[in-house]
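Asks: Heads up: the sequence lines are chains U and V, in that order. FYI, the numbering for the first sequence is 1 to 536, going by my numbering. FYI, the numbering for the second sequence is 1 to 334, going by my numbering.
There could be a bad hint or two in this list.
Said to hold, decoys possible - Computed list of chain V residues with no C-beta within reach of chain U, every gap over 10 Å:
| no. | residue |
| --- | --- |
| 1 | 11 |
| 2 | 28 |
| 3 | 54 |
| 4 | 69 |
| 5 | 134 |
| 6 | 159 |
| 7 | 213 |
| 8 | 231 |
| 9 | 261 |
| 10 | 273 |
| 11 | 300 |
Stated by the list, open to error - Label-pair distances were calculated between CB atoms; the ranges are:
| no. | chain 1 | residue 1 | chain 2 | residue 2 | range |
| --- | --- | --- | --- | --- | --- |
| 12 | V | 101 | U | 524 | 38 to 48 Å |
| 13 | V | 112 | U | 261 | 40 to 50 Å |
| 14 | U | 195 | V | 141 | 41 to 51 Å |
| 15 | V | 309 | U | 45 | 52 to 62 Å |
The set of hints was computed from the structure by calculation and includes no laboratory data. Note that the structure is predicted; figures quoted are calculated from it, not measured. By construction, the Cβ of each residue, glycine as well, lies at the ideal position given by its N, Cα and C atoms.
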Amino acid sequence: MLTLITGGRVVDPAHGRDGTGEVWIEDERVIAPPGRAPDRRFDVPGCIVLAGGIDIHSHIAGANVNTARLLLPELHDGAMFAGAPPGELIGHLFAAMGYTMVVEPAISPHVALQAQRELAAIPFIDKAILGVIGNDDLCFRLIRAGETTALADYAARMLAGSGALGIKTINPGGAAAFRENARSFSLDDEVPRAGLSSRALIRALQGVVAALGIPHPLHLHCNNLGLPGNVETALATIAAAEGERLHLAHLQFYSYGREGPRKFSSAAPRLAAAVNAAPNITVDVGQVMFGQTVTISSDVLRQFGARGQASPRKWAILEAEGNGGGIVPYHYRRKNFFNAVQWATGLELFLLIHDPWRVFFTTDHPNGAPFTAYPDLLALLMDRDLRARWISEIPAEALAMTTLPELTREYDWPEIATMTRAAPARLLGLPDRGHLGVGARADIAIYRPQADKAAMFRNAALVFKDGELIMREGVAMKRHFGRAFAVRPGFDKAIESRLAAYYEEVFGVSHTAFDVAPEAIARNGKDPIESVPCLS
Amino acid sequence: MMVEALIAGAPVARAPAVAAAGWLLGASANPLIVAGMMDCGAAEAALDLARAARASFDHENAAAALADLDVMRQAGWLVVTPLEARALADCVLLVGSDVADFPSTPPPLAPERGRKVMRLAGDNLMARLGLLRALIGGRAITADPALAALAAALRAAHFAVVHWSAEEIPPLAIEMLCGMIETLNDTTRCFGLPQSGANNVAGVTQACAWKTGLPPRVTFARGRAEHDPWRLDAARMVVGGEADVVLWIGADLPPWAGRVRLISLVPATATLAPMPEVVIFTGRPGIDHHAILHDPGLGALTFQRAATPSAEIPPAAATLAAITGALAGEMASC
Ligand SMILES: [Zn+2]
Chain U
1 MLTLITGGRV VDPAHGRDGT GEVWIEDERV IAPPGRAPDR RFDVPGCIVL
51 AGGIDIHSHI AGANVNTARL LLPELHDGAM FAGAPPGELI GHLFAAMGYT
101 MVVEPAISPH VALQAQRELA AIPFIDKAIL GVIGNDDLCF RLIRAGETTA
151 LADYAARMLA GSGALGIKTI NPGGAAAFRE NARSFSLDDE VPRAGLSSRA
201 LIRALQGVVA ALGIPHPLHL HCNNLGLPGN VETALATIAA AEGERLHLAH
251 LQFYSYGREG PRKFSSAAPR LAAAVNAAPN ITVDVGQVMF GQTVTISSDV
301 LRQFGARGQA SPRKWAILEA EGNGGGIVPY HYRRKNFFNA VQWATGLELF
351 LLIHDPWRVF FTTDHPNGAP FTAYPDLLAL LMDRDLRARW ISEIPAEALA
401 MTTLPELTRE YDWPEIATMT RAAPARLLGL PDRGHLGVGA RADIAIYRPQ
451 ADKAAMFRNA ALVFKDGELI MREGVAMKRH FGRAFAVRPG FDKAIESRLA
501 AYYEEVFGVS HTAFDVAPEA IARNGKDPIE SVPCLS
Chain V
1 MMVEALIAGA PVARAPAVAA AGWLLGASAN PLIVAGMMDC GAAEAALDLA
51 RAARASFDHE NAAAALADLD VMRQAGWLVV TPLEARALAD CVLLVGSDVA
101 DFPSTPPPLA PERGRKVMRL AGDNLMARLG LLRALIGGRA ITADPALAAL
151 AAALRAAHFA VVHWSAEEIP PLAIEMLCGM IETLNDTTRC FGLPQSGANN
201 VAGVTQACAW KTGLPPRVTF ARGRAEHDPW RLDAARMVVG GEADVVLWIG
251 ADLPPWAGRV RLISLVPATA TLAPMPEVVI FTGRPGIDHH AILHDPGLGA
301 LTFQRAATPS AEIPPAAATL AAITGALAGE MASC
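Chain V with its partners taken away, still in its complex shape (with noise of 0.2 Å):
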């Protein structure tokens, strides 16, 4: 039979797991749970717990979903979805070298415009954005003819494209982007696909925000939801201490392990060094269960059907619900 979680590195059943589990977060001053891969089922259970515990929820990758979202709700933007994006970009501007390549076939919704795909990427990027956004704006500066070109491109285009990665490129650089899609759109179409993040980030945002009303790096230490972006980084909060039990859910564990008293809700592949103070062995989302994914080809959230469906080993959400009811047994015996 396999192992189901252990405490302090010992083989014990999943109930007595979940049971310290719910000690553990109920007898916190501060619980902190953070989500390394999580899928959106475990992570409206996450949500479910945290409330219930008054703790705080982050997502491992939330600061560069964060950025993003940062320059959408400071100024608002316009952006498409990858699907459309593919059916009907005449010109696309890949920005930073982290993004994927752009297939150069012609639009399918628009063959007979062609497709021109060009990346803007290296030395001095933020320099050579900050030009591009003064040439699109209409300034007479002098720039070298590639910019000028890509600027022409950009202005000449039907259905203009700007992809880019938050996690390469830094906010002041989206906001460019975004101010100069903004103008663009003056006279023709133009739109920004950001790069949605790892680990699910984006499915997590999505699921936090129809839970609580708010993205990641939310705390219900004061019973409601709220939100604060610095305050709440999960790693900073390790780091400096203001954490004292952290449940972490994830492929592997977290950087920040050795720091805290850590529970965690892993995989049996992950690497268990050093050893948290409680693991719950849990399954892999679309692997060993069904899950909910952004996925960020489609730009929506998909059902993944579980590859390799086990009984065994329950998911995250469900193993999140039991100590959500452990904790709720604790407080009531208190």
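Only chain U is shown next, with the shape it has when bound in the complex (with noise of 0.2 Å):
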């Protein structure tokens, strides 16, 4: 089947692409102008033709996201069931935003086999999970003993077992001071009973993403997130990297100061410089909207410090071999100073951080705010009148901790079509999606400009995936199922046998139990995860 779109105004900005003009495409790829006639044809004169957008990290399935739904079952009147909806809407609402890739980031390898049944039933999109290391015994001994290679090619066993896109390390080693009975823990702590430093985990597992040449730089929560005064410890992770990439995961929650008379103030100007002189670093925002939400991460000792201001007033702590979890609905009040500071310093990040090759949207759904506060923080970052009239609805003395009324930047067609697509596609390693070019995959996003930014983004136009119109203004056309993608780095065979002793030693079972098998999760018959190449 051959489609043309034309008419509108084409932003592609991975080949520097921003005018009025056609797209072709041909079964699943943008193709060039073939010299044939369209078997059919879009006329969106107006409209902005983007490639689908890629969300690079919400929580959308798993046991810690299925732990959520279960726990608030009062909260589910609505589309959003307090941030933690069933996977059939995920699908839907993120199609009709133009969404047509999630990355799940945060799933134990135990874990795994559940996380990627939920994702094969997720409609629409295309989607990946990180795989999380660096609270777990084994990884400490390896680090300990020096053994580097056998490292890597424990990593590589865990990425393969789970079929991840690429690493996670969350609050590394806090989880393990959580169960020896520490109540903080940052990052030159040295875990108890392993004799490390967090800042030494996070240096091991970017050699780890190195050696194994993962295309995603190692992805990380940092200690004390959500504490006043974190961003010191945001700051010395920076420099910690020494240079090598690293990204830091929703950087709002830990851009706090402790200015100003309740000891709470936007630090955001300090981390955004350091961000911009760091090429080294990318960073995604974990935007906080208003409104009802539920936290869900595998930062347990976080959560166990949290839960006391869960509202409404109940929790879920799960400890857990590796990373267990902790699940506390929260509201965050436009009229409560933290959580108006916590908005305004998300805001400040995104204006302030130049590249937007580098600073990544999301809101850390749902833990800043469900994604269906996307259209209205897209809004945001593209009309600072808009931007303004939010302002004057915040307390006065919460503003007072931020530069925000300060910054007139307006994000332009062109950087958003980079921080949710071109740049994503990059960051993740997949060069056939993120951009309009001859041999991308045909996801294609339309949106018709209109007064109300916001409606423009939660229903696009058009939304193609794999070449088939599956939305339009919302109204699904289509049925589609996407797929799943994983880095396969090889390892040394011998990492299998250790694994079984250890395993038979710790656990009285055996490693091979939490495999994903392919059989497990195919739909159709199709092989469910599609192998993205590392770097040699």
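From these two lone chains plus the hints, build me the complex, please.
Replies: The structure is reproduced here in structure tokens:
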């Protein structure tokens, strides 16, 4: 099937393209103008034509997300289920916004099967998981013994077993400290019983990512999330990377100073400056938006500490091998000083970090806000008048703790397209998406500009996935299932017998019990996971 | 050739039985789908069918699973996986007589601490749990020395685990235990380890949550999923005459089989008395076909390869999907 999309403004920053033009699709791919008449044609004058959106960090599947669903049955009226909707709705709502791929960023290897099965049932979009290590005893043992190669083999074996696209580490050492009754844990604190600092863990895991050639840099959830003054930890973490690639997830949550009468302030300008000065660093923001949500995190130490702020007043803490997790419902309020500072801090980061290739668009769904807040957030970034209206509604004492009112930057379409399309594809190592060049996967979102920018983003005029028209103005046109993506770096098979012995001793089970068999998640016999090549 | 299905006890091919099941569900005013033994793939398919048929969905073992869940969703809890408990617990309190003994070997990740395994069971369990909680809470009460020693052991432990089964102890006891665990975490670490129920109820609960956002005892009667643990109790609905057609998926027939028009997806080994209106023979998860099941020892969903794969007996998931298709055809022809 040959399809022509014509008359719209094509914004494709990966190719420096921004102007009225055509996009030709044949079957699943973008092709060069073929010199033939199309089988179907979409005239979209005045519309914006982008590649499909790619979300690098949204908690959409797995045991912790499912616990959030089970924790809050009374908040299930309305579409968002307090931030943990069922899979069917996740696929529909993302696709309606023009998103065609979402990364679930926090899956422990022992629960990868459930996460992959949940993802396989989500319609429309492509997906991937990041596999979590860095709080597990075996990781500590290998690092302490200086067994760099075995550590890389172990990580590669974990990626293979889980079918993961990259490595995430979550408050590295913090969950292990929690087990040993710690109440706080920072970058240079020693992990009890392990004799290692968080800094050492981060460096070792960065080394693993480099050694294995994984396209996505180490995806780090830093220590001291959410605490006043934690900007010092974030700054020290950036310095600790020593110029090597590192992705800091949901930076907003570690951008706090201790200024002001309430000892809580935005430190976004300092942190944004540090990010701007460190080309090895990428970040996503983890913007807070106001409303009911549920926080879902494998940072069990932090969630244990936050359970007193649960709203409604209930929570679930899971202590598990590796990382456990904590589910704490939370309501961000516009008139709450702390929440308003958090909201402003995230926007400052977006507006003060210059390079849209290195700052990624997230709310850490659902931790800062459910992903359904994306349209409002995109509108805030593109429209300073709208921002001014929101600013006028937050407490003045909160505003005094930020520089947000002074910032006049507005994101333009090429910057939006970079931040939500081209850059994520590059960051994840997916050369055939995030752009509209010849050979690109035909994942395309077309927006119709209107006075209400949020409405424009909530329901794209047209969305194509793999060349099929799947959504029109928020209405599903064709049911479609995407695929999952994973890296498969090679490893020395000798690690298998070490793992077998370790698992037998510590857990009394086989280490292969957790592997994600393709048959377990296949739909209609198709290979459910596509391999992404590693860097040589 | 093996018998694929039965209608009114007479052998038929699978297709007419699937059509009959679709017709019965489509004609029902208040259809109900109930899981006895069911793998996660079948649960997904059953929920698709329930949505299409505007049916309710329950699991035979849901009551105990919901008793645990109720404690979590009313107040919150701190729990641990079985593997982490094995690796790290230096003190294990077994509550009641149902939960299995816990190995008293030292925890592999902290062997120097050793492991103390204690059991609290027998008469007056509720009263003694209340006393234990009071002791842990620091209340000045007189309790028997055994109970005082138990409280002291929990307080002195680095990483204690309290193991119970909701099949055995009442919800109020679970609530007390979780409150006690919360108090212990002011000074040390202690976690609950609820025993997961039989017949993959934990796996079905997970699948139900990712499909609908809710645990079993859901209904699609009004189009969208709604949850009500009391109203949607399958046994209550059948005995009370509220459900007129039941689709049952299990290893054997349910205890209330004679009380309702019944479509059964069961293995050939099932005892068919009383004879259901429609029977479609179905593979056994993990035996005749691959399956995703909750493994209570691992505390996670795992993939179980078919022990003796059979291409002749379809898994319940496939039959349920076929019934959904038949139902759609039914509705289109109306
Ligand atoms: Zn996150």
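Asks: Taking the hints in turn, state whether each one holds.
Replies: Evaluation of the provided hints:
1. 11: The assertion about residue 11(V) holds, with a minimum of 30 Å to chain U.
2. 28: 24 Å, holds
3. 54: 16 Å, holds
4. 69: Residue 69(V) is in fact no farther than 10 Å from some Cβ atom of chain U, at 6 Å.
5. 134: 23 Å, holds
6. 159: Given that some Cβ of chain U is not farther than 10 Å from that of residue 159(V), nearest at about 7 Å, it is violated.
7. 213: 4 Å, violated
8. 231: 14 Å, holds
9. 261: 30 Å, holds
10. 273: 36 Å, holds
11. 300: 5 Å, violated
12. 101(V) with 524(U): 38 to 48 Å: 45 Å, holds
13. 112(V) with 261(U): 40 to 50 Å: 49 Å, holds
14. 195(U) with 141(V): 41 to 51 Å: Given range 41 to 51 Å: holds, Cβ gap about 43 Å.
15. 309(V) with 45(U): 52 to 62 Å: Holds, since residue 309(V) and residue 45(U) (Cβ atoms, about 57 Å apart) stay within the stated range.
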